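Fit chain B to the supplied structure of chain A, relying on the hints for placement.
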Amino acid sequence: MNMRVIDTKFRLVGTRPNRPDGLDKVTGRARYGADFSLPGMLWGAVVRSPHAHARILKIDASEALALDGVKAVVTRADFPTGLTGEDWNLQENTMAGDVALYDGHAVAAVAAASALLAQDAARRIKVEYEVLPHVIDVDDAIKPGAPAIRPGSGDHSVPPQEGVHPDMVRHNVVRNIEFGHGDVEEGFAQADLVMERTYKTEATHQGYIEPHACVGQMGEDGKGEMWVCTQGQWFIRRMCAAVLGTDAAQLRVTPSEIGGGFGGKTTIFMEPLALALSRKAGGRPVKIVMSRSEVLRATGPTASASMDVKIGMKKDGAMTAARAEFRMQGGAFPGAPVDLALYCAFAAYKIPAVEHVGYDVLANRPKCAAYRAPGAPMGAFAVESLIDDMCRELGLDPIEARLKNAVREGDKSSYGPTFGKIGLVETLEAVRKHPNYSAPLGPNQGRGVATGYWFNHGGETSVSLAISEDGTAQVSIGTPDIGGTRSSIGLMVAETLGIPYENVRVNVVETGALGVNEPTHGSRATFASGKAAVIAAQQAIGEMCKRAAGEWGIDPEAVEWYDGAARPAGSNAGKFPPMTIVEIARKMGSTGGPISGHHESVPDGVGNSFGTHVVDVEVDPETGRTTVLRYLVAQDAGRAIHPSYVEGQFQGGAAQGIGWALNEEYVYGSDGRLQNSVFLDYRVPVASDLPPIDTIIVEVPNPGHPYGVRGVGETGITPPLPAIANAIAAATGVRLRHLPMTPPKVLAAIKARADG
Amino acid sequence: MSKIHVTTIINGDMAEFLADPRETLLDCLRDHLGRTGSKEGCGTGDCGACSVTLDGVLVCSCLVLGVEVEGHRIETIEGMANGSELHPLQRKFIEHAALQCGFCTPGILVAAKALLERNPDPAEEEVRYWLAGNLCRCTGYTKIVDAVMDAAAEMRGAA
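Line order of the protein sequences matches chains A and B. By the working numbering, the letter at position 553 of the first sequence is numbered 553, and the numbering carries on one by one without gaps. By the working numbering, the letter at position 122 of the second sequence is numbered 122, and the numbering carries on one by one without gaps.
Chain A with its partners taken away, still in its complex shape:
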């Protein structure tokens, strides 16, 4: 059986059929996290710290427990002790121990007969605090005198700071990273222009519209079930089991439909609390639904960053050396994505000498979670803004300058690995030819260009496929469908089997149905689950060829699969009419039993994805308000299985990046409390803020995937931050180096220049 799928004309791959879950999602039938209920269910509510940093002196739940219908209260005392490493971090974040580490940190939880009663009971749980000094900003957290957030957790391999940050204190620095190659000083000496600048970005939230929600049930025997909106049911299972001290296999986790995640639903927040409450309430199921305010205060926003970048450039644009030092806080826990930010910072460019330094810093904020290409947008903001300034200084076209330095197949990347087939040059050339790049600009208008990069992740993957008695196919995947995965996988399986798209049903299944799957993260679902599904389909094809061979009395090797049917591979094999999948499936009970395919692996052959964005803005000189006039995304998709959902990823990433660039930020008061914990104040882009977002799907197939797929989910949020900063600089002549570029900040910069 030979199949060649690369570089052939496809019947289905690349078409745009309706998604199979579309009907449920336009009629309100689709069941999301909060839509699930069970008989005898209780409702949970969480008591949260109002302080950024406070010792918990006493928790008195007697008044709450005295209310009729209140069934259980849990505190940290109900959780096992002795956890270490990230398990301890997860437990500590789920429920504070001796010290509340941020505004919104859970300190107790209660289960009661109704949601209102649970909220009433939560208000009657009295917590006494001793308020401690706190620190919010990443640069403040490393200054002398900054309060130690987790005494003793500092990374003492961090060398004493000489030169760059002589005042840096180490007790809040939990990780130090350094890597690079070449002699940067020599590189800077060879440059015609060397520039060094400092940039800052504020924490933002993924802003998925669906708040976290779950129903958890657990008995005294440690057996439990959970229904939850999550990007990864196995991650939920492992993390909950670790935090509660139970066995992972005893917990069965079923993912609901998911109302957005963007990385924020790859981990646990209140899920273990539902299970702990259920266990204490005699095994009655407990539902917990977060409010929006809880989502913003107490789930996982991205890190905030303070970054120094230095680049050397020749007059012709060739970069000779580059250095980046990034400081990021990811809340009161280790894990700011400073490593990933550094890996991506110079990944688009072939630079003889690069040096990277990173510090992961603690602050009194919620534990950061992944947010779409974690870290990369911040790094891109710093690097691509500086490149833009240098191009202006040297009078270079920003696309020409990027092409001059762009990495190509075979180049060693700034972070180590050698690139295989990549499509960066193609994205740069594509935007140059697009009409947006030559659209005329009026007064107060400017154009910005930026490039971005993100990896693809393979990850543990397990997929099963079964042929039904009527020749249709069901596919069981473990990666929740956030934006059309069922479609893309259905298309690839139908293409491979040679059957109609409508004859494949793709189900997202619970933890009991497959081996471990990593979440839908790392731009991996269409790549990894898709690749495994194709291999599973090929296995089923092999078996179907065998059944046909048996019927015909010929060697299975002499049978090939073509257009949904088995047929003799050549005239020597014998003369038999093709045997269709329907005929084979109908008889499978008497020819050897069920026909299925299964594949599990950590798929190799992962690609990566470069993108280039071009944006035109107009800045109102009276108010400083920026209006986005045109927006263009060009990104390498390898091959677009369902182009509409690829475009959707490009457009959605751009929109989130526009919000991050212009408006979104976590605003803290001097008391360390989050000031903007509702959508009115944490304002994400609305329809009237944005123009249509134009897209170019560049297709440089990934040789590591049977259909050439590259993951496309994350790269799109990487270029918008610098692209917009560059456009504002072009429109106004002022350079903003601190996000978000709100009207007051832009206006102040314009005024400062006029006054200066």
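Treat the hints with caution; some may be incorrect.
[Said to hold, decoys possible] Partial list, derived from the structure: chain B residues whose beta carbon lies under 7 Å from chain A: (1) G41; (2) T44; (3) A49; (4) T53; (5) F93; (6) L99; (7) L135.
[Claimed, not checked] Quick list of the computed label-pair ranges, beta carbon to beta carbon: (8) A:G82 x B:G12: 53 to 61 Å; (9) B:L18 x A:Q474: 54 to 62 Å; (10) B:A132 x A:P703: 42 to 50 Å; (11) A:E130 x B:A132: 39 to 47 Å; (12) B:A132 x A:L65: 44 to 52 Å; (13) A:M41 x B:G71: 55 to 63 Å; (14) B:E154 x A:A439: 25 to 33 Å; (15) B:E126 x A:A439: 20 to 28 Å; (16) B:G34 x A:D563: 40 to 48 Å; (17) A:L441 x B:E126: 23 to 31 Å.
Derived by calculation from the structure, the hints in this document are not laboratory data. Being a predicted model, the structure only gives us computed values, none of them experimental. All residues carry an ideal CB built from backbone N, CA and C; glycine is no exception.
Structure of chain B alone, referenced to chain A:
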């Protein structure tokens, strides 16, 4: 707190429920009446995921108390299709891939239907401003606006 008996008409059918006076219409739809198509994204009237019409007026059901709907008519996403025949907006949303996660979709469909009832031929800018009260974090709105414009054209017979 004692509950109050409420009688209302939802999607053309009479419905009765007992509401705590503190419960929103959204709570009552979801928790007492099993209509979970309307979603809570914020609870403060900022995201529009809970959009319904109350006597034909577009409202956020999280900003209406359950006890306020006594004697009024409510239309929700569950009543948008005519039996098994989808409303053109629903069909166009699927065709244009105007949903990714789909969580904001019910509210946006209800809001868009209310727009097209007022103005069957809106300009793109009017669609964008009308839907400014409905947050979508996945799509960047481009395909949503395309789907609404296309549905409007079809409903006018201009497609």
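Results for each hint:
1. G41: Interface hint status for G41 (chain B): holds (4 Å vs cutoff 7 Å).
2. T44: 5 Å, holds
3. A49: Constraint on A49 (chain B) satisfied, holds at 6 Å.
4. T53: Given a least distance of 14 Å, the restraint on T53 (chain B) is violated.
5. F93: Constraint on F93 (chain B) satisfied, holds at 5 Å.
6. L99: With a closest approach of 6 Å, the L99 (chain B) hint holds.
7. L135: 6 Å, holds
8. A:G82 x B:G12: 53 to 61 Å: 59 Å, holds
9. B:L18 x A:Q474: 54 to 62 Å: 42 Å, violated
10. B:A132 x A:P703: 42 to 50 Å: 44 Å, holds
11. A:E130 x B:A132: 39 to 47 Å: With Cβ atoms ~45 Å apart, the hint holds.
12. B:A132 x A:L65: 44 to 52 Å: At 45 Å between Cβs, range holds.
13. A:M41 x B:G71: 55 to 63 Å: Given about 31 Å between the Cβ atoms, the range is violated.
14. B:E154 x A:A439: 25 to 33 Å: 31 Å, holds
15. B:E126 x A:A439: 20 to 28 Å: Because 24 Å falls inside the window, the suggested range holds.
16. B:G34 x A:D563: 40 to 48 Å: Given range 40 to 48 Å: holds, Cβ gap about 46 Å.
17. A:L441 x B:E126: 23 to 31 Å: 26 Å, holds
The structure fails to meet hints 4, 9 and 13 from the earlier list, while all remaining hints are met.
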